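Those protein sequences? They're chains A and B, same order as listed. In terms of the numbering used here, the first sequence has 194 at position 188, counting the first letter as 1, and numbering is strictly consecutive. In terms of the numbering used here, the second sequence has 90 at position 84, counting the first letter as 1, and numbering is strictly consecutive.
Calculated directly from the structure, the hints in this document are not laboratory data. Treat the hints with caution; some may be incorrect.
Note: identical chains are not told apart, hence a pair may lie in one copy or across any two.
To be verified - Straight-line Cα separation of at most 30 Å, DSSO-like style, residue types lysine-lysine; simulated pairs:
{"no.": "1", "residue 1": "324", "residue 2": "115"}
{"no.": "2", "residue 1": "167", "residue 2": "73"}
{"no.": "3", "residue 1": "173", "residue 2": "101"}
{"no.": "4", "residue 1": "173", "residue 2": "83"}
{"no.": "5", "residue 1": "173", "residue 2": "134"}
{"no.": "6", "residue 1": "167", "residue 2": "196"}
{"no.": "7", "residue 1": "116", "residue 2": "324"}
{"no.": "8", "residue 1": "73", "residue 2": "324"}
{"no.": "9", "residue 1": "180", "residue 2": "115"}
{"no.": "10", "residue 1": "173", "residue 2": "196"}
{"no.": "11", "residue 1": "173", "residue 2": "116"}
{"no.": "12", "residue 1": "180", "residue 2": "101"}
{"no.": "13", "residue 1": "116", "residue 2": "180"}
{"no.": "14", "residue 1": "83", "residue 2": "196"}
{"no.": "15", "residue 1": "73", "residue 2": "180"}
{"no.": "16", "residue 1": "173", "residue 2": "73"}
{"no.": "17", "residue 1": "196", "residue 2": "324"}
Values in this document were obtained by computation on a predicted structure and should not be read as measured data.
2 protein chains.
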Amino acid sequence: LIEVFREIGHRAEMAVVTGGLGPTEDDLCSEAAAEAAGVSLEEDPAALMSVEAFFSTRHRPLTAANKKQAFLPTGAKCLPNPVGTAPGFQMMIGKCQFFFLPGVPFEMKKMLADQVLPVAFERRGPSKMFSPDRTLSVFGLTESVTNERLHGLTDRFPDIKLGMRAKFPEIQVKLYARGPEKPVLEETLKQATLWVTERLGNHVFSSSGETLSEVIGVFLRRNSETLALAESCTGGLMAHLLTSVAGSSDYFLLSAVTYANRAKMDVLGVDPGIIREHGAVHVQTAREMAACVRRIAEATYGLATSGVAGPGGGTPEKPVGTICIGLATETDSEGFQFHFSYGDRGMNKQMFAAKAFDLLRRRLGGIDPT
Amino acid sequence: LIEVFREIGHRAEMAVVTGGLGPTEDDLCSEAAAEAAGVSLEEDPAALMSVEAFFSTRHRPLTAANKKQAFLPTGAKCLPNPVGTAPGFQMMIGKCQFFFLPGVPFEMKKMLADQVLPVAFERRGPSKMFSPDRTLSVFGLTESVTNERLHGLTDRFPDIKLGMRAKFPEIQVKLYARGPEKPVLEETLKQATLWVTERLGNHVFSSSGETLSEVIGVFLRRNSETLALAESCTGGLMAHLLTSVAGSSDYFLLSAVTYANRAKMDVLGVDPGIIREHGAVHVQTAREMAACVRRIAEATYGLATSGVAGPGGGTPEKPVGTICIGLATETDSEGFQFHFSYGDRGMNKQMFAAKAFDLLRRRLGGIDPT
Numbered sequence: 007l008i009e010v011f012r013e014i015g016h017r018a019e020m021a022v023v024t025g026g027l028g029p030t031e032d033d034l035c036s037e038a039a040a041e042a043a044g045v046s047l048e049e050d051p052a053a054l055m056s057v058e059a060f061f062s063t064r065h066r067p068l069t070a071a072n073k074k075q076a077f078l079p080t081g082a083k084c085l086p087n088p089v090g091t092a093p094g095f096q097m098m099i100g101k102c103q104f105f106f107l108p109g110v111p112f113e114m115k116k117m118l119a120d121q122v123l124p125v126a127f128e129r130r131g132p133s134k135m136f137s138p139d140r141t142l143s144v145f146g147l148t149e150s151v152t153n154e155r156l157h158g159l160t161d162r163f164p165d166i167k168l169g170m171r172a173k174f175p176e177i178q179v180k181l182y183a184r185g186p187e188k189p190v191l192e193e194t195l196k197q198a199t200l201w202v203t204e205r206l207g208n209h210v211f212s213s214s215g216e217t218l219s220e221v222i223g224v225f226l227r228r229n230s231e232t233l234a235l236a237e238s239c240t241g242g243l244m245a246h247l248l249t250s251v252a253g254s255s256d257y258f259l260l261s262a263v264t265y266a267n268r269a270k271m272d273v274l275g276v277d278p279g280i281i282r283e284h285g286a287v288h289v290q291t292a293r294e295m296a297a298c299v300r301r302i303a304e305a306t307y308g309l310a311t312s313g314v315a316g317p318g319g320g321t322p323e324k325p326v327g328t329i330c331i332g333l334a335t336e337t338d339s340e341g342f343q344f345h346f347s348y349g350d351r352g353m354n355k356q357m358f359a360a361k362a363f364d365l366l367r368r369r370l371g372g373i374d375p376t
Numbered sequence: 007l008i009e010v011f012r013e014i015g016h017r018a019e020m021a022v023v024t025g026g027l028g029p030t031e032d033d034l035c036s037e038a039a040a041e042a043a044g045v046s047l048e049e050d051p052a053a054l055m056s057v058e059a060f061f062s063t064r065h066r067p068l069t070a071a072n073k074k075q076a077f078l079p080t081g082a083k084c085l086p087n088p089v090g091t092a093p094g095f096q097m098m099i100g101k102c103q104f105f106f107l108p109g110v111p112f113e114m115k116k117m118l119a120d121q122v123l124p125v126a127f128e129r130r131g132p133s134k135m136f137s138p139d140r141t142l143s144v145f146g147l148t149e150s151v152t153n154e155r156l157h158g159l160t161d162r163f164p165d166i167k168l169g170m171r172a173k174f175p176e177i178q179v180k181l182y183a184r185g186p187e188k189p190v191l192e193e194t195l196k197q198a199t200l201w202v203t204e205r206l207g208n209h210v211f212s213s214s215g216e217t218l219s220e221v222i223g224v225f226l227r228r229n230s231e232t233l234a235l236a237e238s239c240t241g242g243l244m245a246h247l248l249t250s251v252a253g254s255s256d257y258f259l260l261s262a263v264t265y266a267n268r269a270k271m272d273v274l275g276v277d278p279g280i281i282r283e284h285g286a287v288h289v290q291t292a293r294e295m296a297a298c299v300r301r302i303a304e305a306t307y308g309l310a311t312s313g314v315a316g317p318g319g320g321t322p323e324k325p326v327g328t329i330c331i332g333l334a335t336e337t338d339s340e341g342f343q344f345h346f347s348y349g350d351r352g353m354n355k356q357m358f359a360a361k362a363f364d365l366l367r368r369r370l371g372g373i374d375p376t
């Protein structure tokens, strides 16, 4: 750590270090920073206050280990941590301004936004440059097909930089603009977004960074409609994703995670004859599950999954990766079957859930289901 | 990138670089590596074969963008990627052996294990040293209290190195040993594990890296028992965590994610009088939900959650962070209420689910519930 801090101190003007500020014996960042700068550690009144405040508002005793967190390199400026125990600090090592932040992601993000980025922007000085960007979220195309379809973007829009990121199971296409005139950039971004959307078609489900479950929520809320789920192979993941959106109780009524066949019949009321004839993993079963849960919950839509997430349970006709999806409305119900070959239970569950959400998203948007 | 590669090439003997090998225009690692080493890019037959093999087994067309991935710095050795499109490669830059791997985590991990670590071990030469370790998973103690309780470990066991990692909502205590005699190290680790377990008590739920849902699964399977869930505020997360364990269909029967009060009554059969009298977030309601879902699914145990995950929905009596948990068996049912103050919907859901699992885990292990 000491050598890396020194090396960066020679090379860079600003650096952010995360983690290693905790109360435990293997948290050594403050010591290493002091050593790299050639100073010692001393108790910092502001840091002590930050630590004490955290513990007193939570009515928890302040331990000796936590008190250690109030020791900072001499000359360092404390960066109080309003949401955790470890305060951060900023100091010079070599010619570089270092910011040391805790490693817990939500503490780090808050302190970065509130205490580091403003300093960085101020240091950069009043800039005449703007850097707007746009994120298009894509489902159902591979990264390379997406890239192929966007070939020519940078010829057509020389001021736009293209980025792409696989955020399984979706792909994010990022468009970055940079220049001195904000309205011009915004117009260019708008044109480029249209150009991209034309080429990727209905695979683009958001141009503002929303997840599939957020997009579904926006549709349902707008139409005052409601949704119920019957999940077998997705095992509660769809419900979890939907309920991760604040306010989802306005449109999400119920998920029956019927893992056992018996539960499919007893809780959902699926006709035992359908399961006997087709098995649990079948488009007819998924249709029936969707129709049943919609009726039970008195929801506008019923969405159901039944498939084989693996690693066991596959058959020659229904190998691991097979997913059947049912979608029911008041007037009809449809069944779909797909196969994915990720060979990983977790990835299969993610993809199954996203595929079901995408079918519903297309239905809600009045576009072709596939 | 070029400068960083050169700098590392001066300083280090081995380096692993992940990401930037994809087919898109912002994947620039091969170019940068070639430039840093002062060579050019040329088509590599082994890399081309790796890319072609991936596409042909998936019956997908090979695009020009993917063909780009077969261009490696002159003199580099291709590291075939059996599970993705981007092959990796190894090459010298300065005095350092670089390994370039794709950034997709599961591809990177497989290639690191199969193609990088063996080279690293061979390079290190026949070692007479062993490095066994042990991971103890802890729930219900803060990181600093855990650390405080383990004070003195390194005095008592000088050969053991202690690591601690907050893996929300649990804490992992890691014990590392290193030395020439394996049986001695194993015995020391065993003694240290006992020492730690004595100090942390029943908060330790695993000493082999299992999750809470895996531990519950082991108990249920061993006793041929089954579990049903009724989830309100956890919104399907508990079912998702349980069904992320392969083979969970042997003991997990049903989760009724009854987000709407109406679903609590209609699907679970919760007495409307209880909800009217106490509200949805109450120990009595949670008890009733657990008892109802256990009966419906004919399960050995029923576990239920009802609470306020936030950001909305809090009241002075039941503020955001309140969680009521019900646990029902054939002969009785219990209700618990707790309050957490993370102020974040996602963290609250995680903590609520873990707290409910921990109550069940203690019950299954015949130990005190809190």
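Status of each hint after checking the structure:
Proximity of residue 324 to residue 115 under the C-alpha cut-off of 30 Å is restricted to the inter-copy arrangement: shortest distance 29 Å between copies versus 44 Å within a copy. When the C-alpha separation of residue 167 and residue 73 is checked against a cutoff of 30 Å, the pair qualifies only between copies, where the shortest distance is 22 Å, while the shortest distance within a copy is 47 Å. In the homo-oligomer, the alpha carbons of residue 173 and residue 101 never lie at most 30 Å apart, since the shortest distance is 37 Å inside one protomer and 35 Å across protomers. Taking the shortest alpha-carbon separations for residue 173 and residue 83, only the inter-copy value of 29 Å comes in at or below 30 Å, while the best intra-copy value is 37 Å.
In the homo-oligomer, the alpha carbons of residue 173 and residue 134 never lie at most 30 Å apart, since the shortest distance is 33 Å inside one protomer and 42 Å across protomers. Proximity of residue 167 to residue 196 under the C-alpha cut-off of 30 Å is restricted to the intra-copy arrangement: shortest distance 14 Å within a copy versus 56 Å between copies. Only between protomers do residue 116 and residue 324 lie at most 30 Å apart by alpha-carbon distance; the minimum there is 27 Å, versus 47 Å within a single protomer. Within a single copy, residue 73 and residue 324 get their C-alpha atoms no closer than 59 Å, and across copies no closer than 33 Å, so neither meets the 30 Å cut-off.
Taking the closest pair of Cα atoms, residue 180 and residue 115 come within 30 Å of each other both inside a single copy (21 Å) and across two copies (26 Å). Taking identical chains as interchangeable, the C-alpha atoms of residue 173 and residue 196 lie at most 30 Å apart only when both belong to the same chain, with a minimum of 23 Å there against 41 Å between chains. Both within a single protomer and between protomers do residue 173 and residue 116 lie at most 30 Å apart by alpha-carbon distance, with minima of 23 Å and 19 Å respectively. In this assembly of identical chains, residue 180 and residue 101 lie within 30 Å of each other by CA distance neither inside one copy nor across copies; the values are 34 Å within and 37 Å between.
Taking CA atoms no more than 30 Å apart as the test, residue 116 paired with residue 180 passes in both settings, with 24 Å inside one copy and 28 Å between copies. In this homomeric assembly, residue 83 and residue 196 never come within 30 Å of each other (Cα to Cα): the closest approach is 43 Å inside a single copy and 43 Å across copies. For a Cα distance limit of 30 Å, the shortest separation of residue 73 from residue 180 across copies, 23 Å, qualifies, whereas the shortest one inside one copy, 44 Å, does not. Taking the closest pair of Cα atoms, residue 173 and residue 73 come within 30 Å of each other only across two copies (23 Å); inside a single copy the shortest separation is 40 Å, beyond that limit.
Neither within a single protomer nor between protomers do residue 196 and residue 324 lie at most 30 Å apart by alpha-carbon distance, with minima of 44 Å and 46 Å respectively.
When held up to the earlier numbered hints, the structure conflicts with 3, 5, 8, 12, 14, 17 and fits the remainder.
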